[in-house]
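*Asks:* Sequence:
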Amino acid sequence: MEENEASLPNTSLQGRKMAYQKVNADQRAPGHSQYLDNDDLQATALDLEWDMEKELEEPGFDQFQLDSAENQNLGHSETTDLNLDSIQPATSPKGRFQRLQEESDYISHYTRSAPKSNRCNFCHLLKILCTAIIVFIFGILIGYYIHTNCPSDSPSSGTVDHQLYQEILKTIQAEDIKKSFRNLVQLYKSEDDMEVSKKIKTQWTSLGLEDVQFVNYSVLLNLPGLSPSTVTLSSSGECFHPDGQPCSEEARKESSQDLLYSYAAYSAKGTLKAEVIDVSYGMADDLKRIRKMKNVTNRIALLKLGKLPLLYKLSLLEKAGFGGVLLYIDPCDLPKTVNPSHDIFMVPLNPGGDPSTPGYPSVDGSFRQSQSNLTSLLVQPISASLVAKLISSPKARTKNDVCSPLQLPNNEIRVVSLQVQTVTKLKTVTNVVGYVMGLTSPDRYIIVGSHHHTAHSYNGQEWASSTAIITAFIRALMPKVKRGWRPDRTIVFCSWGGTAFGNIGSYEWGEDFKTVLQKNVVAYINLHSPIRGNSTLRPVASPSLQQLVVEGPSFLSEALFSTQSTTVEEMDPFFKLHETITKLSGEVILQIANEPVLPFNALDIALEVQNNLKGDQPNTHQLLAMASRLRESAELFQSDEMRPANDPKERAPIRIRMLNDILQDMEKSFLVQQVPPGFYRNILYHLDERTGQFSILVEAWEHCKPLATDETLQEALSKVLNSINSAHVYFKAGLDVFKSVLDGKN
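Going left to right, the sequence shown walks through residues 874 to 1619 as our numbering numbers them.
Some hints here could point you the wrong way.
Here are the computed lysine to any residue pairs in the SDA-like style, where the Cα-Cα straight-line distance is at most 25 Å [to be verified]:
| # | residue 1 | residue 2 |
| --- | --- | --- |
| 1 | Lys1353 | Lys1449 |
| 2 | Lys1487 | Glu1588 |
| 3 | Lys1161 | Asp1561 |
| 4 | Lys1165 | Lys1180 |
| 5 | Lys1487 | Glu1505 |
| 6 | Lys1146 | Thr1297 |
| 7 | Lys1165 | Gly1194 |
| 8 | Lys1165 | Lys1192 |
| 9 | Lys1541 | Asp1316 |
| 10 | Lys1180 | Ala1432 |
In case anyone wonders, no lab produced these hints; they're calculated from the structure.
Build out the structure end to end from the sequences listed, making use of the hints.
*Replies:* Have a look at this one:
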């Protein structure tokens, strides 16, 4: 659901000013997750806390502190006439009465001695008064303890909500996730997509999920041919498969059918014999340098994956006149513990959705464009070991274990014959969708999604891992739902089909329900490939959700490996990582679905904008000035509207609904209609974790380096400026609306 993800808040942490403060991992407030059991997880998840939340977490009568003025006037704002200090409980009724006798007002009223005939009456009245005070104070104490010991029918405070979340999450067990995972993995060899979809639907339905259904689309898939693609060296006549193994029939029999899936979906097909030109990462500077030295027309580019989106780099190569691309991952770009030398992989060249129905859903009656490929380039992914053979370099890592990047020497010429085979067919892609309807805001949706295995695609286990995690959360959630509890907002669980071909299932569903989603979706929680290692937690989230989880995307994830040297069970043999990820994700889902005020942060967006403009960047003075105004409006919005709304005493339903509508849509100001191929439409999303600037500005600066004109840069600057201004106007309009509501009441 890549297109829709870019337009919705996703589930993103930096130090922030004003409304919140840093909290150490070992000093977390009660609202923090208890499932961060190691230093890596503690350092990355939920390490920020609102000051206001800490204030709200102080219960009105949890303890008596007679000497603290901060504990006076606790709650009961409706009884404004009553001086609660005069009835503040003491350690005993007698002690409280003695304190009353010591008050100056009390002494001044009774300085004269009373007549003897009235003393009995006075004593009698005094006894009655004492008895009344004692009964009154005991009534308060009894009421307090009854209130604290008896559970509330409708959890409203943050403390009660947190307890509810923990009751749900504590039932998640690693052993249940392992069983579910193993049952799913057994199905991946099936050529029938419906077998996997039916299994997921049956599981979710048996757990009690509501209205679980199939949503099918007939789409155009680009599948591998009957035999693997080949690369042949003209100098020696040696033929190689994409994994670097010889093309002999014996080698073919020994290798698995995974060789077929080492291909680029929607690439052009055919044969091209040409010189190989090393373009490194395909950056603008690389192409500028190469085009000065060589004629690149109809040549084959040797291209590394990374640094910029693949689709963007392919568009540059196509414009430059290249005819083919050999795509690989340089071992120096990966950790030392990973050895992808012989790993083969698949890449989709599809920006998203059914290529035959661009921009509209693939439903009955839709017009289909005849488009079998999405680029004129012959694109073939190959292993690092094959690259080493092409450039006559046996190793990537040299002496002292210093990694030496793969590179074709400038003075050497390599000519190869590249053969690419693919088949295009109409196939049915199935999504599985189920619901837990919300109680107070059923028309507001939190979508929780992952993908499932699709036949004719890679055989990785990530899909089974993510599906098992979602299933485990559903299993923990539904017993509470069956007993009558419901989240405030509707949770939609989705398992997408066709992900390997360009997020086809989620795109088509998004296009199909576009009108509803644009208006009603609050957030999208993506659990695609949740376990990729066992060293650290790396959640990815939108700027507005930085309070919950942040990490930038990596373009190495564009490669889909058909086999993995390390399986999921080798990385997490006891499925404790799966259990932790399920609980952390579940807590985020519950907070977004159930908190009265959405846990989105306006000020975080403004700070993100300012951070994106840091550094020695040209022509950004106007952007900085506008970003400063955006921060001012966001700070006002944060303090004037969000802070009071988080106080249960100040919550008015209509104001909460208005506030949540503003929070839900505030990132939409940063959506742009047209972006370079492969880039996010939400311009706040970074290219990767190392790049802190606006992605479209990074691209524009790269594009302008080899050119004399700065038209592209000016266009990009204008898009960013308009987005920042739009957000500024949006927050000011929200403030004006709330002000007019208050003025109307006054």
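*Asks:* Under the criterion that the straight-line Cα-Cα distance not exceed 25 Å, is the pair Lys1353, Lys1449 satisfied?
*Replies:* Within the cut-off at roughly 24 Å; holds.
*Asks:* Between Lys1487 and Glu1505, does the CA-CA distance stay at or below 25 Å?
*Replies:* Holds, at roughly 18 Å.
*Asks:* Below or equal to 25 Å on CA atoms is what counts here, so check Lys1165 against Lys1180.
*Replies:* holds, 23 Å
*Asks:* Quickly compare the C-alpha distance for Lys1165 and Gly1194 to 25 Å and report which way the hint goes.
*Replies:* With a Cα-Cα distance of about 14 Å, the restraint between Lys1165 and Gly1194 holds, given a limit of 25 Å.
*Asks:* Under the criterion that the straight-line Cα-Cα distance not exceed 25 Å, is the pair Lys1487, Glu1588 satisfied?
*Replies:* holds, 20 Å
*Asks:* Given the hinted pair Lys1541 and Asp1316, is their Cα-Cα distance within 25 Å?
*Replies:* Holds, at about 19 Å.
*Asks:* Checking one constraint from the list: CA of Lys1180 to CA of Ala1432, max 25 Å. Satisfied?
*Replies:* holds, 13 Å
*Asks:* Holds or violated: are the alpha carbons of Lys1161 and Asp1561 at most 25 Å from each other?
*Replies:* holds, 24 Å
*Asks:* Within a Cα-Cα threshold of 25 Å, do Lys1165 and Lys1192 meet the stated pairing?
*Replies:* Holds. Lys1165 to Lys1192 sits at ~16 Å (cutoff 25 Å).
*Asks:* Taking only the CA atoms, is the gap from Lys1146 to Thr1297 under or equal to 25 Å?
*Replies:* Within the cut-off at roughly 24 Å; holds.
In terms of the numbered hints stated before, the structure departs from none.
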